[in-house]
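Protein chains in written order, with numbering that gives the first Met the number 0: chain H, 0 to 471; chain B, 0 to 338.
Honestly, I wouldn't trust all of these hints.
Unchecked claim - Simulated crosslink set (DSBU-like; lysine-lysine; CA at most 35 Å straight-line): (1) B:K256 - H:K461; (2) B:K19 - H:K449; (3) H:K68 - H:K42; (4) H:K461 - B:K68; (5) H:K151 - H:K98; (6) H:K461 - B:K142; (7) B:K64 - H:K445; (8) H:K449 - B:K313; (9) H:K461 - B:K43; (10) H:K272 - B:K142; (11) B:K19 - H:K436; (12) H:K461 - B:K19; (13) H:K272 - B:K64; (14) B:K256 - H:K334; (15) H:K269 - B:K324; (16) B:K18 - H:K461; (17) H:K436 - B:K322.
As the list claims (entries may be wrong) - Computed from the model, here is a short list of chain H residues facing chain B with C-beta under 10 Å: (18) E296; (19) D300; (20) H425; (21) S460.
Stated by the list, open to error - Reference listing, derived: stretches of chain B covered by chain H, where coverage requires no fewer than 3 residues with Cβ under 8 Å from a Cβ of chain H: (22) 179-185; (23) 282-295.
What the hints contain is simulated information worked out from the structure, not anything from laboratory work. All C-beta atoms, glycine included, are put in the ideal place defined by N, C-alpha and C.
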Amino acid sequence: MKKLHLKTKILASITCLSFGLTGLANAGAHSEDVYGPFPVTLKGYSGDCTNTVSYSGQIARHVQHDSLKAASTKGSYDNMNAYYVGADGDQAILAPSSKDDFQIKQTLVNEISSGKNLSGKTYKGTITAWPNNMTAPEVIDFWMMKAADNPKDVSVGLNYQQLLSKFIMGAVFYNQAVDNYLDEKMGADTKPNDKPYKDGACYTGKEHSWDEAFGYWGAAAHSLLLSAEDNYNVAKRKDLAAADANGDGVVDLKSEYVFAHAYYASSFDKGGKTSYMEDITRAFLDGRKLITSANGEKLSDAQRSELMGYVDVISTNWEKVIAESVFKYAGSTYKSLVALETVSNEDLSKEFSNYMKYWGELKGFSMALQVGKNNIGETATKLNRMIGFGPMLMDETQIVGIKGMMGSDGKFITSEYEMGKVYSMHDAKLHMLKIQKLMIDEFGVKARSKDMLADMADLASKIGSSDSAEND
Amino acid sequence: MDFLFDIFQNIADQFTNPKKRVFILYLFLSILIASGWLIFYKKKSLKDSFKFIFNPKVFFSKSAKSDYKVFFINQIFMLIISPHLLTQITIATALYFFFFEINFIEMGLFSYAPQYLIIGLFTTTHFIVDDFSKYIVHRWMHKWPFLWALHKVHHSATNLTPMTVFRTHPLEGLVFTLRSAIAQGITISTFVYLFGGGVDLYTILGANLFVFLFNVFGSNLRHSHIGIRYWKWLEYILISPAQHHLHHSVAKEHYNKNYGAALAIWDWVFGSLHHSEDTDNLTLGLGTKDDQKKHTLKELYTIPVIEFFGFFKKKFYLIFHRKKKEENKSEIYFKKSLQ
């Protein structure tokens with residue numbers, strides 16, 4: 000009897016303890032470092048809403064982008080376009096999809112948000128990085144048409160999947176966030192904090208504008224609780240425990256997954272030299288807390304100026320994340336160009352395929368860098384000239400233009416690439432190194448993945464600093 | 000507060016980093032070498048040798064005290080300007096691109112050379128190029144009056160101690176930094192261009208092998224009162240401490256001799272070599288009447304700047320004046336021709 004009593008006691012203690020621990024874990028998940036929930040601050044709101052954080056439209060677009068990327072190799076323009084311009088009814092999520100040990104809650108775009116598209120939110124300016132003065136949606140449409148014919152066109156060296164994905168991330172997510180929500184919509188009289196974002200909404204103008212920008216950034220709501228490595232593994236669908244913040248066994252794309260540039264940021268940060276993911280996500284969180292603290296009143300000048308400080312952290316670091324990507328892929332392209340010179344015949348096609356992929360990423364990221372808030376001016380010209388319209392092929396030719404018939408809607412009915420020799424293979428390699436230097440000089444990139452000039456920096460640091468006030 | 004900490008760290012680094020001349024181990028080895036020289040060559044007792052080495056008259060002389068002051072002040076100065084100086088990596092990158100652009104031989108031409116050879120070659124070349132550039136710049140410091148205005152600060156030392164190495168005008172420090180950056184930039188870029196990613200440096204305790212050896216074998220005695228001499232044949236190759244003491248001598252026959260840092264070869268080749276002599280009765284300094292008055296901060300910091308810029312002012316004045324004279328002349332001719 001006594002023994003049983005003891006057993007009951009132990010059992011009871013274990014139960015209490017486990018409840019306590021679960022409670023602690025939950026408390027952790029809702030700590031100060033999680034983006035949301037945030038309470039209603041809007042004056043005079045009388046609805047049922049209790050959490051004003053809402054960015055499901057942005058997540059739907061992330062999913063449309065990932066799905067478009069997955070569809071881009073399948074040879075169907077309509078399939079790709081459906082994710083770009085949106086579709087009525089149920090649209091399957093092609094990516095990110097569930098894996099055995101990484102189950103995703105949603106399988107349809109509509110489960111996240113309905114009626115969304117990428118095309119309506121794409122940067123509308125002319126893209127000088129691509130021939131024929133096309134706008135960004137026209138470039139994307141052109142690439143989708145080409146991808147439907149041949150997603151990896153060896154004859155011209157274009158990997159459309161990479162071009163589409165990397166450019167869309169810039170022309171939609173980056174542009175919308177830094178050039179719209181964090182720019183115009185942070186103005187004193189635009190989307191004010193004492194009015195709902197739109198009639199009937201429970202969130203204020205500023206609250207929702209800020210949330211939309213956060214959504215485009217792509218971090219999970221609990222990303223600040225995770226290491227760079229964890230965030231990276233979430234995006235790679237490798238770590239369910241890290242992703243599943245609420246412990247329901249599935250990953251909710253609306254708040255528990257890491258998308259787009261946030262993923263790239265964590266990929267650089269895990270090298271230990273940078274903290275883009277932490278810095279940007281924290282600036283978003285701190286900014287949101289600041290807006291919430293205004294308690295539904297118009298932001299004072301002081302509050303708005305503090306908020307613009309966070310905007311600056313976000314915009315500058317976001318730009319750096321893209322510049323780091325340009326840096327990395329310029330390095331990979333360089334390495335591939337060197338490898339192509341010595342590679343054996345059987346490995347040639349594999350190496351050329353790598354080369355097309357790296358160049359595509361480089362081109363896409365470099366185009367993304369040009370659609371932010373700032374006009375990067377001469378840097379853009381240099382980038383576009385050094386990268387070209389297509390990678391240099393083995394006969395030293397590359398795409399120099401596009402000819403064909405264009406319809407009244409600005410779309411090509413027939414099109415053909417014009418090839419030409421602009422510079423030598425030797426120059427093509429030099430350009431990649433110069434691009435790396437340009438990214439250091441203009442954006443101060445620090446992670447410097449695939450640094451082709453690192454050998455010199457290593458030697459310099461081994462020899463020691465050159466400053467000396469010594470008379471030998 | 001951070002700044003103070005940085006200064007402290009910089010100073011500590013001078014004595015704890017094996018890449019630096021006055022690293023504590025090198026100082027200790029210099030004492031050992033000096034003791035050996037005094038005991039075995041000068042036949043002094045151990046006690047007398049130590050008394051001689053740690054002579055307070057040397058280490059607490061006006062000259063030495065000003066060395067210490069300059070050391071501290073320059074640490075602060077370098078801490079402020081260092082981040083703004085041209086670095087070896089900037090020069091190396093620019094040169095690398097230049098080689099690439101002019102298609103300077105074929106990139107990576109020798110990348111298949113054995114690793115030990117590449118590393119050995121780089122380590123040696125870096126040491127030689129660095130040492131040669133020191134020789135050249137040192138020669139200029141003596142030859143050009145505006146540079147001598149700065150270099151005089153170093154030569155105003157009337158006693159030599161290992162800390163005299165730091166007795167350098169900050170503007171001269173800028174010249175030396177530029178020298179070092181250019182020398183390193185050339186070697187690094189050329190090697191990485193020709194040999195690819197396998198280039199490395201043989202180091203001991205993190206210092207270039209040759210720099211380490213130079214320091215282990217008593218580089219600190221170059222600035223000291225221990226006039227160690229080498230065999231004559233060796234003094235054609237390596238500068239002995241006594242040879243460098245002659246460089247600091249006020250005697251006319253020692254003027255413009257022995258500019259070399261580690262290697263004497265440059266002096267030999269370019270005709271500025273002077274073999275060592277017994278340095279016991281050597282007078283050091285600038286050789287002016289008031290050498291002992293040259294140890295004030297004003298003399299060490301302000302006057303060199305005034306003289307440095309004064310030199311350019313004078314030059315400009317002369318050019319301007321000559322131009323005016325010529326203009327006047329032509330005006331007279333012009334007027335005359337009208338008459």
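The hints, checked one at a time:
1. B:K256 - H:K461: Satisfied, since the Cα-Cα distance of roughly 33 Å is no more than 35 Å.
2. B:K19 - H:K449: holds, 32 Å
3. H:K68 - H:K42: Judged against 35 Å, a Cα distance of about 43 Å means the pair is violated.
4. H:K461 - B:K68: At roughly 30 Å apart (the allowed maximum being 35 Å), K68 (chain B) and K461 (chain H) satisfy the hint.
5. H:K151 - H:K98: holds, 26 Å
6. H:K461 - B:K142: Since the Cα atoms of K461 (chain H) and K142 (chain B) sit roughly 33 Å apart, the hinted pair holds (cutoff 35 Å).
7. B:K64 - H:K445: Given that 35 Å is the threshold and the Cα spacing comes to 43 Å, the pair is violated.
8. H:K449 - B:K313: violated, 53 Å
9. H:K461 - B:K43: violated, 42 Å
10. H:K272 - B:K142: Violated - the C-alpha atoms of K142 (chain B) and K272 (chain H) are around 47 Å apart, more than 35 Å.
11. B:K19 - H:K436: At roughly 31 Å apart (the allowed maximum being 35 Å), K436 (chain H) and K19 (chain B) satisfy the hint.
12. H:K461 - B:K19: Roughly 13 Å between the alpha carbons, so the hint for K461 (chain H) and K19 (chain B) holds.
13. H:K272 - B:K64: violated, 43 Å
14. B:K256 - H:K334: violated, 51 Å
15. H:K269 - B:K324: violated, 71 Å
16. B:K18 - H:K461: Measuring from Cα to Cα gives roughly 10 Å; hence the hint holds.
17. H:K436 - B:K322: violated, 46 Å
18. E296: Since chain B brings no Cβ nearer than about 39 Å to E296 (chain H), farther than 10 Å, the hint is violated.
19. D300: Status violated, d = 32 Å.
20. H425: Cβ of H425 (chain H) sits 6 Å from chain B, so the hint holds.
21. S460: holds, 9 Å
22. 179-185: holds (count 3)
23. 282-295: With 0 residues in contact (Cβ-Cβ under 8 Å with chain H), the coverage given for the segment 282-295 of chain B is violated.
In the structure shown, a violation is registered for the earlier hints numbered 3, 7, 8, 9, 10, 13, 14, 15, 17, 18, 19 and 23, in ascending order.
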